[in-house]
Amino acid sequence: MSISGLDELYREVILDHYRSPHGAATIDNPSVQVEGHNPLCGDELVMHLDIVDGEIRSMHIEPRGCSISVASASMLAQQLEGASLEDALELKKTFQAIMQGAEWPEGSDPGDLEALDGVKNFPVRIKCALLAWMTLEQALAEYDQDLVGEVVIDRDIEVVTKKS
Amino acid sequence: MAIGPVDIQTETAPLDVGQIRQDFPILQRKVHGKRLIYLDNAATSQKPQSVIDAISYYYSNTNANVHRGVHCLAEEATEAYETARHKVCQFINGDDPNSIVFTRNTTESINLVAHAWGRKFLEKGDEVVLTVTEHHSNLVPWQLLAGDTGCKLRFIDIDDEGHLRIDRLDEYITEKTKLVCMGHVSNALGTIHSVRTIACAARAVGALVLVDGAQGAPHGPVNVEALDCDFYAYSPHKALGPLGIGVLWARRDLLEEMNPFLGGGEMIRNVSLERSTWAGVPYKFEAGTPSVADAVGLGAAIDYLMKLGMENVRTHEKQIVSYAMERLTELPFIQLFGPRDPADRCGLVSFIDTDIHPHDLGTVVDQHGIAIRAGHHCAKPLMHRLGVVATARASFYIYNDREDVDKLVGSLLEARKVFRL
Numbered sequence: 001m002s003i004s005g006l007d008e009l010y011r012e013v014i015l016d017h018y019r020s021p022h023g024a025a026t027i028d029n030p031s032v033q034v035e036g037h038n039p040l041c042g043d044e045l046v047m048h049l050d051i052v053d054g055e056i057r058s059m060h061i062e063p064r065g066c067s068i069s070v071a072s073a074s075m076l077a078q079q080l081e082g083a084s085l086e087d088a089l090e091l092k093k094t095f096q097a098i099m100q101g102a103e104w105p106e107g108s109d110p111g112d113l114e115a116l117d118g119v120k121n122f123p124v125r126i127k128c129a130l131l132a133w134m135t136l137e138q139a140l141a142e143y144d145q146d147l148v149g150e151v152v153i154d155r156d157i158e159v160v161t162k163k164s
Numbered sequence: 001m002a003i004g005p006v007d008i009q010t011e012t013a014p015l016d017v018g019q020i021r022q023d024f025p026i027l028q029r030k031v032h033g034k035r036l037i038y039l040d041n042a043a044t045s046q047k048p049q050s051v052i053d054a055i056s057y058y059y060s061n062t063n064a065n066v067h068r069g070v071h072c073l074a075e076e077a078t079e080a081y082e083t084a085r086h087k088v089c090q091f092i093n094g095d096d097p098n099s100i101v102f103t104r105n106t107t108e109s110i111n112l113v114a115h116a117w118g119r120k121f122l123e124k125g126d127e128v129v130l131t132v133t134e135h136h137s138n139l140v141p142w143q144l145l146a147g148d149t150g151c152k153l154r155f156i157d158i159d160d161e162g163h164l165r166i167d168r169l170d171e172y173i174t175e176k177t178k179l180v181c182m183g184h185v186s187n188a189l190g191t192i193h194s195v196r197t198i199a200c201a202a203r204a205v206g207a208l209v210l211v212d213g214a215q216g217a218p219h220g221p222v223n224v225e226a227l228d229c230d231f232y233a234y235s236p237h238k239a240l241g242p243l244g245i246g247v248l249w250a251r252r253d254l255l256e257e258m259n260p261f262l263g264g265g266e267m268i269r270n271v272s273l274e275r276s277t278w279a280g281v282p283y284k285f286e287a288g289t290p291s292v293a294d295a296v297g298l299g300a301a302i303d304y305l306m307k308l309g310m311e312n313v314r315t316h317e318k319q320i321v322s323y324a325m326e327r328l329t330e331l332p333f334i335q336l337f338g339p340r341d342p343a344d345r346c347g348l349v350s351f352i353d354t355d356i357h358p359h360d361l362g363t364v365v366d367q368h369g370i371a372i373r374a375g376h377h378c379a380k381p382l383m384h385r386l387g388v389v390a391t392a393r394a395s396f397y398i399y400n401d402r403e404d405v406d407k408l409v410g411s412l413l414e415a416r417k418v419f420r421l
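Chains Y and H supply the protein sequences, listed in that same order. Here our numbering is used: the first residue of the first sequence is 1, the next is one more, and so on. Here our numbering is used: the first residue of the second sequence is 1, the next is one more, and so on.
Just chain Y, same shape as in the assembly:
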């Protein structure tokens, strides 16, 4: 990996999300609230969802961690506001596959998420990018267990449900 690999990792759009993450606005009575932790590195993420008629009407996130984990959470919030629960779950599966080496499916519109492709070249940082998505899956499972089915917890990422 050359030093230029770093520019590939830390793209401008990632730094923008890191410095001013989406989803800062709080939600009064969230439908579900969960907390994700990465015990190996100490990264944390609080996620609140307001779900109406099977859609994520708004999302509040409080990320505490590295640029990759914060940017990934911010992009998730940006991408999923207004999305159906099914689409949200689908995007989680796709993004996880991307981090494991897959390419974005043809015709898909990953938006800013595409900028996280560079993370694949830094295997130890993949869990940073995944924290928000594992937390999302847990949030969806909390809301609708049947929709998500069995949540397979990444052994590095512990997602803890916060009591409301």
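These are computed hints drawn from the structure, not numbers from a lab.
Straight-line C-alpha distance at most 30 Å; calculated DSSO-like pairs for lysine-lysine:
#1 H:Lys-407 <-> H:Lys-417
#2 H:Lys-124 <-> H:Lys-380
#3 H:Lys-176 <-> H:Lys-124
#4 H:Lys-124 <-> H:Lys-152
#5 H:Lys-176 <-> H:Lys-120
#6 H:Lys-87 <-> H:Lys-307
#7 H:Lys-152 <-> H:Lys-120
#8 Y:Lys-120 <-> H:Lys-417
#9 H:Lys-30 <-> Y:Lys-120
#10 Y:Lys-120 <-> H:Lys-407
#11 H:Lys-34 <-> Y:Lys-120
#12 Y:Lys-120 <-> Y:Lys-93
#13 H:Lys-30 <-> H:Lys-407
#14 H:Lys-417 <-> H:Lys-34
#15 H:Lys-380 <-> Y:Lys-120
Here are some of the chain H residues that sit facing chain Y, going by a computed Cβ distance under 8 Å:
#16 His-357
#17 His-359
#18 Asp-360
#19 Thr-363
#20 Val-364
#21 Gln-367
#22 Gly-375
#23 His-376
#24 Lys-380
#25 Met-383
#26 Val-389
#27 Ala-390
#28 Val-418
#29 Phe-419
#30 Arg-420
Computed footprint of chain H on chain Y, listed as stretches where at least three residues anywhere in the stretch have a Cβ under 8 Å from a Cβ of chain H:
#31 5-14
#32 60-68
For clarity, every value in this text was computed on a predicted model and none was experimentally measured. Ideal Cβ placement from N, Cα and C applies to all residues, glycine included.
Once you have looked at the hints, place chain H on chain Y.
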């Protein structure tokens, strides 16, 4: 100069870092096309060829199980194993090799004390005093013990520089205190703790003292008698030795009256179907086949360090850490944690860049061939106390020099560029 009291202040000689590096094969390799600059010594140190050779020689020539069998190899293996015990005793200035118990690591050594001493002698109402700076290995075993026995844990706080609040010891250490457990040196801040002062307060109320020496023993002369502690644990792999072997030193009379830890072969005197009696100390605590080759490697590591002289190791680290603090203080975006006086700290610096998360720093400096640690350093309560989730930590050893510090500083400046700052 020493980390803890020594009787005589000896003259020190500078280490020949260029020569030392030649002894470490791993330091000849490149990382991302750059010379490896290894600054994660607080996690584990690298190993000199002599240690690697000793282990290889053992498996090529001596390998057998110990303390059983009457054949030549068994005899030689047993002697090699017991020789290592003598060397450890010398290394930490103990007076009785049978006070040395071999374990897997510092964590196991501490768990051994919590089980074999704690569960026998502590009960509800008793207090165990720790510090807020402890590594999880010197915290979680006591939490488990508290859960099982009903004893209470209390914590000595730190001041803004990371020194333990020894001015308030009488609040923490009371008549209820039965045991005081502290790191010799904080793995996350580098603070050399005032073990003797605290041991003195513990003695005054009749409490015992356990020292987690994981960051102490590798970095300077240790004298367990002068420290006035009752238990001293350390991990040889942080002191040039192999992974997989740990050390517990304890006062002989304590080892005699403690319960066994693990049950099995090697630790018994007599066994019937209904009951068993225990072997003498230290074998009572060494159930099962020990890691003999690692003990032999540990002996070779001690030989290497003793030849350099532990006073010289301490002086060398103090010079580097002093230089590192000087260079890092020049950078306005770097915030340093821990004592400002290099005399009060071991060879490590813990810091944050006010704009870049430690994990990101770790990734950027790695691309320059520099290995540092970024994270909570298994000291989450301390991170909470400092008001951060993580720090970056550069920890030095005998093969690091000022040029390594300069390279680190260069890579921190580079990180600012990567982050367009």
